[in-house]
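Colleague: Residue numbers (my numbering), protein chains in the order written: chain R, 1 to 341; chain H, 1001 to 1508.
Hints were generated in silico from the structure; no laboratory data involved. Don't take each hint at face value.
[Said to hold, decoys possible] Far from chain R by the CB rule (all over 12 Å, computed), these chain H residues: (1) E1180; (2) S1292; (3) S1304; (4) I1332; (5) D1443; (6) Y1493.
[Unchecked claim] Covered by chain R, per the in silico footprint, the following chain H stretches (three or more residues, Cβ under 8 Å): (7) 1250-1260; (8) 1295-1303.
[What the hints assert, rightly or not] Calculated pairs, DSS-like style, for lysine-lysine (alpha carbon to alpha carbon, straight line, at most 27 Å): (9) H:K1401 to H:K1463; (10) R:K139 to H:K1224; (11) H:K1445 to H:K1458; (12) R:K131 to H:K1224; (13) R:K112 to H:K1335; (14) R:K103 to H:K1410; (15) R:K134 to H:K1335; (16) R:K138 to H:K1224.
Owing to the predicted nature of the structure, the values given are computational and were not obtained by experimental measurement. Where a beta carbon is used, it is the ideal one built from N, C-alpha and C, also for glycine.
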Amino acid sequence: MAALARLHERLAGLREEAIDEERKAKYKAAVKIQRWFRACRVRAYLRYLSKMAILIQKRWRGYLRRKYFREVVEVENIYFLQIQKTWRGYYVRKNIHNFYALKKYLQGVSVKNEIVRLELQEEAEIKEQEKKMKDLEKKEKEKKYQARKTHYLLSTEQIPGVYNSPSRKSPDPMELLLRQSKPLTHRKQQVKSPFADELYGWPTCKKPPAFVTSLPVLPADRQKPQGPFRDPAEVLQQRYKPVEPTLRVRESMYSSPAKTRELTRREEWRNPIHGKEFLPFSSHHKNYEKYEPSLFKSGKYGQEAYGTKYFREVYPKKWIADKFTTRLYLCGCNLYYNLNN
Amino acid sequence: MSQRQVLQVFEQYQRARSQFAQAVADLAARPQSIDTLRSADVVCLLRPLLLDVVPSIRQIAALALGRLADYDVELAEAVVKAGIVPQLIGSLPEENRYYKKAAAFVLRAIAKHSPQLANAIVQYGALYMLVICLEDFDPGVKEGASWALGYIARHNPELSQAVVDAGAVPLLVLCIQEPEIALKRIAASTLSDISKHSPELAQTVVDAGAIAYLAQMIPNPDAKLKRQVLSALSQIAKHSVILAQLVAEAEIFPVVLTCLKNSDDYVKKNGATLIREIAKHTPELSQYVVNSGGVAAVIDCIGSCRGTVRLPGIMTLGYVAAHSENLSMVVIVSKGIPPLCLCLVEEHEDHIKAAAAWALGQIGRHTTEHARHVAVANVLPTLLDIFMDPRSSEDLKTKTKNALENILQKCTYLPALEPLLHEAPLSIMPHIIGQFSKVLPRDSKARRLFVTTGGLKKVQEIKAESGSLLQEYINTINNCYPEEIVRYYSPGYSETLLERVENYQPVL
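Same shape as in the complex, but just chain R:
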């Protein structure tokens, strides 16, 4: 019973403790909340205060600066502006819209124009001159040709010509021209050759190939030559027998089959890669053709040039030709001396 009572008490105590705990927790929570809320309020208040302070400072500073600007800076700016204005005006007038440079330029252009006009005028005059000279020359040539054509109008000893009338003091210039000119030869008649239809393709050949149309005529009083000669008529006939080529042979050099033959021939000539057609195809000769230099010509430092580059060796110090004559002379002198004494 007592234990139960004690347990009951303990339980009640625990329950009270629990309730107490609860109460304390609630109390603490309430405090927390209130604390937090008060802190927020204070912070808001502080924020408000700092904003107001900033506002006042802002407006004050603005006022100060504006006053400064109005009183000081604007006045200074006038002076700065004046400097800048004068500088800009000067700069633009000197460099960008330079009046004097423009004037000079325009004068320069006028001068250049004058020069160009003069030069063109000169060139035009030169061309005119050339044209006149050409016309004159042409006229002269024409006159000379006419004189050559009408050479028969030249006056003779007996009959004065058309241009040399007896009543004139001196002959007409045409007469003088006629005297100087050579008569024209007759124009050869254009013979229409039977080959005129066929146009020849090669550029230099102007005449057709010389086919003989008639036998050459031997002189009538020719003496028959002595010996076993055949009859000349027979010989000539055989020699100048007209060619009777077949139709195949007679076809032109420029027909298609002939051309293709020509083409293949040219291709064959053109196609090989190098010109040497008959190269040895075996390496048999390589060993025999290898060059071995002789011992006489090889020195320590390779081959000597003697035997390939030069073939003579010259040692002028060993020459005795000039020395020989003096010795002979001396010997001769001695002999002579010996003989005389």
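Could you slot chain H onto chain R? The hints should help.
Modeller: For chain H alone, kept in the frame of chain R given last:
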């Protein structure tokens, strides 16, 4: 029948064919017999001769066909329809140079008539064959081939592109370097026809190195060659700034200026065209032209020719003056205004007058100085007359109006404006009155002159809507004068005075 007799038959036939071909070729050279030939169906008869065994007959048949196609569009179409072109083209590579020349002649004769025919030829593969002909050694063959290519390329940009794609341009540039003058001419004209259509084609021609060779040929004395060369260079230069710079760098100045003095009119025209195409792009190029004395040469050229030949020169001056006021002043200083004035007065063609009016407008529109120079030369009344003339075309009227407006906006030279005041229509009036309203408030002498010459009276007579610009100007002018003067000059003043006289009760 012996062999010889058999062969004789063949010989006779060959001779007959040859004679027929020759006779048709001779007849085709005469225009009066071509109709008879057409009715005799000559194209179908010539067709088998193109495949003949004997080469000379083939050549003469081709020549005859060429002459026939050259004469008439219908014959050219008949030649194409008869299927001759593939035969012609197919046998070209093996033939000799006479045949190639004749074939090129046929192709050229067909291509020159219309783009459709040229297109038909191109579709048969003619371009490839013509390029092969261009590689030939004979200059006559090259000439025929490049002539045909030129006629094909002339029609439109697609055909031109086809010619370029066939690889003709480098060969043409080689042809230009050949010594024969006729070949040079034709090659230059073909390059000109190719490059005239678009900048890409012109660039292709430039990439082949054509400009240097063309520039070298300008001093050549032959007039026709000069024409073609100058035309080719101007077609290249007209497309873009870079191309124009390339042409200008090829040292054509001052050689081109000598061409402006040439006795041949078309050389002058093409030379002026070339200068115009170079000067029109940028102020720097115009400056370059001016510095080499080009303006003086162009002005002399305008003074010495008549008619359409003047037109490129006039446009050059307009372009140069349009770029900047300094260049405009250069044109004025080089005495450019009097020839332009003369052009306005003398020429009968409307487009030349329009160009001259435009050029004057460009000269005078920059500052008051320029406008004063233009006005002093008595240009404004002429412009006004042309504007009011009922016979002028729309384009001319527009251009004159623009020129007048541009000059009037800057003109403060009152003696020149006075006569205009009396004659001008209502569309021009605001500008004139505006100028007066700018000058009169400041200048007392001018005010006096204005009154004495009857200008104030005229101003009062103008009826303008209130609130419009014109009315404002009139008000400004009226404010410059005392009120009595203004009332004195207003219309109907004498009536009001007389009314006052009538209504006056004499004071006895």
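Colleague: Each hint should be assessed against the structure and marked as holding or not.
Modeller: Results for each hint:
| no. | hint | result |
| --- | --- | --- |
| 1 | E1180 | holds, 15 Å |
| 2 | S1292 | violated, 8 Å |
| 3 | S1304 | violated, 10 Å |
| 4 | I1332 | violated, 9 Å |
| 5 | D1443 | holds, 24 Å |
| 6 | Y1493 | holds, 49 Å |
| 7 | 1250-1260 | holds (count 4) |
| 8 | 1295-1303 | holds (count 4) |
| 9 | H:K1401 to H:K1463 | holds, 22 Å |
| 10 | R:K139 to H:K1224 | holds, 25 Å |
| 11 | H:K1445 to H:K1458 | holds, 19 Å |
| 12 | R:K131 to H:K1224 | holds, 17 Å |
| 13 | R:K112 to H:K1335 | holds, 13 Å |
| 14 | R:K103 to H:K1410 | holds, 21 Å |
| 15 | R:K134 to H:K1335 | violated, 36 Å |
| 16 | R:K138 to H:K1224 | holds, 22 Å |
Hint violations for this structure: numbers 2, 3, 4 and 15, all remaining hints satisfied.
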